[in-house]
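Undergrad: Protein sequences appear in the order of chains Z, G and P.
Taking this note's numbering, the leading residue of the first sequence gets 28, the next gets one more, and so forth.
Taking this note's numbering, the leading residue of the second sequence gets 28, the next gets one more, and so forth.
Taking this note's numbering, the leading residue of the third sequence gets 28, the next gets one more, and so forth.
You may find that some hints are simply not true.
A few chain Z residues that face chain P, going by a derived Cβ cut-off under 8 Å, partial list only [as the list claims (entries may be wrong)]:
1) T193
2) T208
3) H210
4) K277
Source of the hints: derived by calculation from the structure; they are not laboratory data.
The C-beta atom is built at its ideal place from N, Cα and C for all residues, glycine as well.
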Amino acid sequence: MRPAHSFVVIVAALSLLTCATWSQDKTATALPVSPETQSCLDCHKSVTPGIVEDWLTSLHAKISPAVAIKKPVLQRRISNEAPPEPVLSNVVGCYECHGQNPTKHKDNFDHFGYKINVVVSPQDCRICHPLEVQQYSEGKKAHAVGNLSDNSVYHLLVETIDGMKTVKGTTVTRAPATENTKHETCYACHGTAIEVKGSKTLATSLGDIEVPDLTQWPNQGVGRFNPDGSLGSCTACHPRHSFSIEIARKPFTCSQCHLKPDLPAWDVYRESKHGNIMMSKEHEQIWNSVPWKVGQDFRTPTCATCHNSLVTTPEGEVVVQRNHDFGSRLWVRIFGLIASHPQPKSGNTSIIKNQDGLPLPTTFMGLAASGFLIGADEQARRQEEMKKVCRSCHGSSWADLHFVKLARTNAEADSMVLAATKLMVQGWEKKLADKTNPFDEMLEQKWIKQWLFYANSVRYASAMAGPDYATFEYGWWDLTRNLEEMRDHLERYSAKKK
Amino acid sequence: MRPAHSFVVIVAALSLLTCATWSQDKTATALPVSPETQSCLDCHKSVTPGIVEDWLTSLHAKISPAVAIKKPVLQRRISNEAPPEPVLSNVVGCYECHGQNPTKHKDNFDHFGYKINVVVSPQDCRICHPLEVQQYSEGKKAHAVGNLSDNSVYHLLVETIDGMKTVKGTTVTRAPATENTKHETCYACHGTAIEVKGSKTLATSLGDIEVPDLTQWPNQGVGRFNPDGSLGSCTACHPRHSFSIEIARKPFTCSQCHLKPDLPAWDVYRESKHGNIMMSKEHEQIWNSVPWKVGQDFRTPTCATCHNSLVTTPEGEVVVQRNHDFGSRLWVRIFGLIASHPQPKSGNTSIIKNQDGLPLPTTFMGLAASGFLIGADEQARRQEEMKKVCRSCHGSSWADLHFVKLARTNAEADSMVLAATKLMVQGWEKKLADKTNPFDEMLEQKWIKQWLFYANSVRYASAMAGPDYATFEYGWWDLTRNLEEMRDHLERYSAKKK
Amino acid sequence: MRPAHSFVVIVAALSLLTCATWSQDKTATALPVSPETQSCLDCHKSVTPGIVEDWLTSLHAKISPAVAIKKPVLQRRISNEAPPEPVLSNVVGCYECHGQNPTKHKDNFDHFGYKINVVVSPQDCRICHPLEVQQYSEGKKAHAVGNLSDNSVYHLLVETIDGMKTVKGTTVTRAPATENTKHETCYACHGTAIEVKGSKTLATSLGDIEVPDLTQWPNQGVGRFNPDGSLGSCTACHPRHSFSIEIARKPFTCSQCHLKPDLPAWDVYRESKHGNIMMSKEHEQIWNSVPWKVGQDFRTPTCATCHNSLVTTPEGEVVVQRNHDFGSRLWVRIFGLIASHPQPKSGNTSIIKNQDGLPLPTTFMGLAASGFLIGADEQARRQEEMKKVCRSCHGSSWADLHFVKLARTNAEADSMVLAATKLMVQGWEKKLADKTNPFDEMLEQKWIKQWLFYANSVRYASAMAGPDYATFEYGWWDLTRNLEEMRDHLERYSAKKK
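In isolation and in its complexed conformation, chain Z is listed as follows:
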């Protein structure tokens, strides 16, 4: 039969009337809009119409917390049973978010008589979503800035890559990385530290207005330092101002940061059978349903399904609970310096100290800093949690063997890194490279590729069954080729030294 996509236009013509009417009612007062939000809307409808229209599509604009908390527990998207007035009884509009906690916000400013925060933080979202904020704050994402900047090894890697280089003869000198470039690169995803430098005047169509002058803005990195002292940015995944659960559940969201060559989660997913079905059947999956019913709402998982969504059977039995700590169903960490290892106990990984005294979960030779990592029981518990999702659609044996395979692959990838590290150590010993900075010379850069690009790819390819990232696209081909290049480099330069 001919599908309907081309023909729904006919229905739409009729529906349009209804919808247009509804849309007008909404900006008026079909649902209770606070007077403060109404003031915002009156101007911003013209000044930034895109924001207002986007918000109008959000659930925030269509329901008040008072109504939302009366839904059956599994259908709720709100975790505070009793948000205070005036938030409770109005739709969640501009002022309900941008007007929270004004005294804590260094970015608060007087805007036509209202005290407005430029940046909305998890601390503000917490008024309705305390459980989600609590979970999130415990994970690695919330600590993403400090995990980079407070870790001397990672910090050196960032500086080595991002620092401006100047050339004199054949000497290359590196200056410290600028805030600008760090903002564009690592901290674009990890989050910037937004501070208030003072205020500035903007010329607008409504005359000059005085606004806070922010550093490292705009940014929606997952671990952003906010001007109210909180960490993170909910809009990293629930983008402004629709706060769409559909967008957060689709893999494109995660793909913004989790992609090749260093972290090819999106790339592997896309070439996997799961990804292929998602791309083919996206239009038939039901993206806004809460809870998310396996088989009925979706027939292939996305990142969110396996890693954090509340999933139930079609009959409403819980398969896994929602959790905004995205590591909560993960037992092994397949990304990060140098080898795979059990997940860290704390979301703050800069506190780790390994047996070489470095703030890394393993030594360069792969020895795990076990005291800072979860134990076997917790690993088993988390793997079982993940398998519950798998077993919704796959037999037990299928799921079991998949993870046996992953464990073996992690071990093999670790060994291929260890081989490279052994060559690297010889390079350092033979003074072919200077270990003071283990990241800035040609041989070292090849070594970095071995673990950061190729071993990571092989592990992700195994975890999500994307064959090419195991093989020719940053996979075993490159693990092998790169090792040979390192060997050749070592042999050639050693010979020259003699």
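Position chains G and P against the provided structure of chain Z, taking the given hints into account.
TA: Frame of chain Z, contents of chains G and P only:
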């Protein structure tokens, strides 16, 4: 006019009732479900709800073979005029597939009183789809495992890439590749050899159950060795358990294996005009229609359109017949060691022997093993078959010149490989590399890239008109750059030797 | 609520009747079809059904210019107030386009009694769309062929990459690039020079027909030399024969040419928040609406939104006017040899001469050829034009700071290129490479990568906020790594020379 996507919700609200009702009726007995399948459904509805729900969306769940074979010939998706009972009169459910040929299946086991196969094979699908299985079995896909493992050259390439390396001093030693890693890499797409090691006990919510213990499972590689002795996996392209023709027709399916850097069919397609229209108009194409009517059902082709689908004009005249031998419309082979060449006569390519005595379709210098390859007439016939598809939307001159261009490009790409091979031969002659294994040294790895990545990209880019894969993305830029690197390597090392 | 995608089928079943009827009426004469076009349709409906069906979906097939020009100005897609008869009163069919300006078209031929042009050119489209053709002709796209072939530097780069290489000993000799390969590579996007070599006979189902024999055909490059002497190809973005505004507005269209590693506009967009929302919400955006209303029709921009579409507020106030000169809202040029620079004044960039006498917008050391580039006022005006689009959805401060960041990043990327150029210059001075051709040796190829791949990526990543192209995917990681490789190469080879 405002399109309808946002508004069909209104219609859906009404339709939901109908559909939900239908859905319940189905798991009950609106259509004839065999008692065996009903038993499966009764448990698996709770145990693996994703599978059951997926199956409910399939045509298998909506029609019995008895009804399906009464459709007009061009509309049929079934090629056996008279499947035996009880398959004939029931919908095609769990038992109809997992209960076939139990004595042939070493993976058959007693499951609550039923004799169940874990793995469904083409031999099982054959009961309703004999023509498709026959065609498939003649092509290269069905032979994908042996074409790799029984070919000494390819086998060595796999071992060289996948073998675990260990380092002592500057010596790198290679161990044989593990089954695990071969399963993750080459054989993930080609298919694994699934064998039954014995049985094992699984703890489930219904108590302990005894199941076959399979090797190299899970896998859906196109040439999988199944426990019933058959080759291939229909679910490689028609994934479980919806067996969707829509999914098989969309390019995402093929993209799982046919992708850069070695086989950039998907990547080239995506950047081509065809791919761009597909991505832009996917929602208006009609993906489930049989036959597939050019212009009316689709306005841009996908992989399936050109390579295997039954295509007719809107008025029902056949343009090309369906064929599950995916090489049946191909005259030239633009992928594979070393140079382009006429398609092989047999899907089993491990039987080829070239003039150097190697099981390759050409020698390293590009000389074709003509006896094993199709002749000029057959090449012309197949090209004409492909052009019929082109001419549905393009003038004759357009189509003709496109393939003239492809032939020239293949020749040029072959020449650029030959240039690299000539450098390689010098490397071997000068003992800068050891030809015993032509795949494991640095110069050899560059040579591999020349044919496996860059020449392939240029040819695919021509075949499907994706400009960047001809140019900067693994194209002429890299053919040229890599040749210069090989030349430089050769000159530098030769000098050192003197 | 459950979305409707799965259920609209029910509605479609009804709509199908209506639509099928409409479709038949159309190929008949529901709207006025010229007798010439009707003759075309009578045959081509069978001969090339894909073209006819595609056209039937176009606006060209659904409205006559006489009706189109009566629409309110902002809704018009036609810029000639009075096209001549018979175009005016008929739908725009085969003959209305392929029959224009027959005497100017060297590709005109007698086709069953009609004088038909094979190639439809902007000159032909101009009869209804003069403003668009005028704007287009002023931009760089219309000059894309000459900008490459008439520029001695670019021409040498093309020849160096595309020329066939042959090997004798360790000497690599380069032959001139063939037309065939240039057609497949650079000129696939830039456009080929289509000439009429004579005529040829095609055997068709209707007997032999005589058609023009064209060179470098097929091609839809943006600056194509057409057989009527005009430049460009409207079908590069509005592909045949639906001329869809939806396709042109979707980023897949631009992705055909603007992609990594040299020009990663598409790649950066896809990984940006804008791209992620587009991919997630494509189905809810309204792609055919004219004017395009921010927030209401779309909630995230595509390439077209920012670069050339007519955008209004939901209330119909113009944000930016449509402009088919795609550089009209651009102030800085972040792509092109060597450093970023103000946009050129003329779309014809081959006329530029820099202070080294080369036809490049900057010298190798980055000094701008200011006389040929727009000044500060024009730059400011254009940036303000672009910011109008940003401010539809973002606060002023957000938009301002975004572009401050871009300017800083351009400067840093330029500096990282300059560092590489300084190493390159030493290489030339020390005779480690021969500057006569600055593009063909190993060190030079690394230098090319620094500006053409890595610096471009960093700039695009900043312009459109795609973090990975600033970091590990051709970003700062590669700028740094490649510089170290160049340094190492220089030091090693210098040592050898001593």
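Undergrad: Are the hints correct? Go through all of them and say.
TA: A quick look at each hint next to the structure:
1. Because the smallest distance between the Cβ of Z/T193 and any Cβ of chain P comes to about 6 Å, under 8 Å, the interface hint for this residue holds.
2. The criterion of a C-beta within 8 Å of any C-beta in chain P is met by Z/T208, whose closest approach is roughly 6 Å, and the hint holds.
3. Given the 8 Å rule on beta carbons, the hint for Z/H210 holds: about 7 Å separates it from the nearest Cβ of chain P.
4. With a least beta-carbon distance of about 4 Å to chain P, the hint placing Z/K277 at the interface is held under the 8 Å criterion.
In summary, the structure agrees with every hint in the numbered list given earlier.
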